[in-house]
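Novice: Whole structure, please, built from the sequences with the hints as guidance.
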Amino acid sequence: MHLRFVHAAAAAVISVVAVVSAAQTPAPAAPYTVVARSGRQPLAVRTINGQEMFALDDLARLFNLNVRDDALAGGITVSANNQTIVMTAQQPLASIGGRMISLPAAPVREGRSWLVPVDFVARALAPISQQRVELRKPSRLLLVGDVRLPRIAARAEPLGAVTRVTVDVAPQTPHTVTQEGSRLLLRFDADALDLADVRLTPNDVLQGIHPGDAPSILAFDLGPRFASFRVSDQPQLTPNAGRVVVDLSAQTEAAPNAPPGAAPPVAQPPAGEPPPLLDLPSQAGLRSIVIDPGHGGDDAGARGTAGTLEKNVTLAIARKLKAALESRLGVRVLLSRDSDQNVNVDQRAAVANNNKADLFLSIHANASVRAGASGVEVFSMSADGNGAPPARSTPESLPVLGGGSRDIDVIPWETAQTRFLDQSGSLARTLEAALRERVPMSRHALIQAPLRVLVGANMPAALVEAGFLTNPAQEKQLAGEEYQNAVVQALVDGIVRFRASAPGGAR
Amino acid sequence: MTRRALAVAVIAALAFVMGWALFVALPHWYRRAPPAAATANPSPSPVDAAQAAAARKITATLYYVSDDGMALVGTQKEVPYAAAVADQARAILEAQLAPALPLVSAIPAGTKLKQVFVTERGDAFVDFSADITAGHPGGSLEETLTVYTVVDVLAVNLPAITHVQILVDGKEVDTLAGHVDLRQPLAKSLDWVVHDTH
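Respectively, the protein sequence lines represent chains A and B. Under numbering that gives the first Met the number 0, the residue at position 317 of the first sequence is numbered 316, and the numbers go up by one with no gaps. Under numbering that gives the first Met the number 0, the residue at position 154 of the second sequence is numbered 153, and the numbers go up by one with no gaps.
Calculated directly from the structure, the hints in this document are not laboratory data. Computed from a prediction, not measured in an experiment: that's the story for all the values here. Even for Gly, the Cβ is constructed at its ideal location relative to N, Cα and C. Where hints are given, some of them may not hold.
To be verified - Some chain A residues close to chain B (C-beta under 10 Å, calculated; not the full set): (1) Gly38; (2) Arg302; (3) Glu309; (4) Asp345; (5) Ala366; (6) Ser367; (7) Gly371; (8) Ser381; (9) Ser441; (10) Leu468; (11) Thr469.
Specialist: Here it is in structure tokens:
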């Protein structure tokens, strides 16, 4: 009798406290969305004492839970799948089959029902559930069962005439991109999208990014100056994520940069600019970079006295550099080879030209007949080493899809690099300065020479000799992580500075 | 069938004639041509003028790798005199290829000179044995030094030669070891040369 009275009194006090505290912070929070194979439904959330809470009854309905109110002990028992979760009103704890887990707050009784912190789902329910239960707090989602709901983060940044939209997708999900009227639809092979973050400043090419009409669609609202788009995928950003890069090109005003009188166009299209037939690499920032690991396959390159092969060193450095550039600059990085394979020297620059890379960097390791020779060297193409006539682009009038014709600069492969000698020289100087801060340089660290691999590169290009394999001490360094990382760090620094020094649009 | 055989025969004959023209007739003509020029301008080196007839030697600057491996160092050596530019070029190159210890050449040891010819335009074509690629240690710097040893030793010593192209086993090559573009004749470059009073 006495005991019963004490319990009743305690329960009364607790409920009063609960009601009072609920009254103190009555803010109804935005509901969570439960996403299951069967569909979506809202799940109400209450904020009590700064803690977001679900009603246990709602969860019971969703997950088929059996809730028993143990008034005697002042607690509750939740059971499902032959497992039992026990909680008490005063303690931010739950016991699952005898194992204790902590909760951010104690469960709260409200009248005849109970409220539990949202984390209860992740920490207590998920472990005993037979199906997947995933709580995504940032996007206020509760995933139940086998639903494919990739997390999407999109950001748009203007890069000169191009607006680049980078969409990170976790996990990696197949997708298609189609244009429908004034919208570009990025359609994922998923049940729905978890649109975690969108960052953009609307401009006249891209005005907004928002969920599309169907749950698996991300829609881009295109602006009036939108001309064309290009999509490229970057799988393996991390093992569990992918990245889709969509470049939106703006319409160019009729030849804004052409000085009057220079190379008069043969035939102007009658009205408006036709869609670009050829994307000449724009100087507006770095969008993609091609790294060329020197040699490979049958061509081992230079050989150290201890047997280190240049082809292996260059590939190791190139792979590290690719990873570092992608994560720090968020640019697209391609390797001219990603294994020990033969690559023709023309193919190396072709990878860069065909992918419209904004920068080409060939990685090598040096050799000398003098064992003492050491230090890093940066090469760029020499101006007139081969006595070839200076490159002159010859405008040719070519037919364009959709009628009309257009002047296209036809540049002989052999002389592509001659148009970029200044920029390549500047790139080499910037890289040399950045390298000097981290690794020992050769006595003549900045060199111009008629290098075969750079000749055909239709973009700023340089070649880095990362050290002398014929120097035993340097051979050891070149084969090791520490030195390779230092070189990679320096090259990333250099490329960041080069990008900063070449402001958008300046040509 | 006979038509096909005929076609093959014609192509083979054409290939033979072109090969002959390129490797036998042209060098022959060019070796003939220069003496006139050489007599008009007999001394490639000023030192040579007085001594040429008697000593049959000229002083040429040969190039070797500097002690630190970073550059070429010019060294004066006496080489046999020859009247024709192509012959003089050959004499200078033979001297450059000869072992000169303790000096180290950037041209791999064992490399043999097969053929030299010089066009009227002043382009020299120098054909080496495959040792120049097989024995090359690689590396952009070393390859640059090798190439400019050949280019500069001719273009510096023989004003009649302005550009030099290296051939290997009678054929044009892309590069020696993957770096320096050899598909066109190269002009001399003294960027690689440091001066030495050796």
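Novice: Now, for every hint given, state plainly whether the structure supports it.
Specialist: So, going through the hints one by one against the coordinates:
At a threshold of 10 Å, the smallest CB-CB gap from Gly38 (chain A) to chain B is about 61 Å, leaving the interface hint violated. A least Cβ separation of about 7 Å between Arg302 (chain A) and chain B falls short of the 10 Å threshold, and the interface hint therefore holds. Look at Glu309 (chain A): its Cβ gets to within about 7 Å of chain B, closer than 10 Å, so that hint holds up. For Asp345 (chain A), the suggested interface contact is upheld, since its CB lies about 9 Å from the closest CB of chain B, less than 10 Å.
Because the closest C-beta pair between Ala366 (chain A) and chain B is about 3 Å apart, less than 10 Å, the hint holds. Annotation: interface hint on Ser367 (chain A) holds; nearest CB of chain B at approximately 4 Å, less than 10 Å. At a threshold of 10 Å, the smallest CB-CB gap from Gly371 (chain A) to chain B is about 6 Å, leaving the interface hint in force. Taking 10 Å as the C-beta contact cut-off toward chain B, the hint placing Ser381 (chain A) at the interface holds, the least distance being around 8 Å.
Using the Cβ-Cβ criterion of 10 Å, the hint placing Ser441 (chain A) at the interface with chain B is satisfied: the shortest such distance is roughly 6 Å. At its closest, the beta carbon of Leu468 (chain A) sits 8 Å from a beta carbon of chain B; the interface hint therefore holds under the 10 Å criterion. The beta carbon of Thr469 (chain A) is positioned within 10 Å of a beta carbon in chain B (closest approach about 6 Å), and the interface hint is therefore held.
Comparing the model with each earlier hint shows a violation of hint 1 alone; every other hint is respected.
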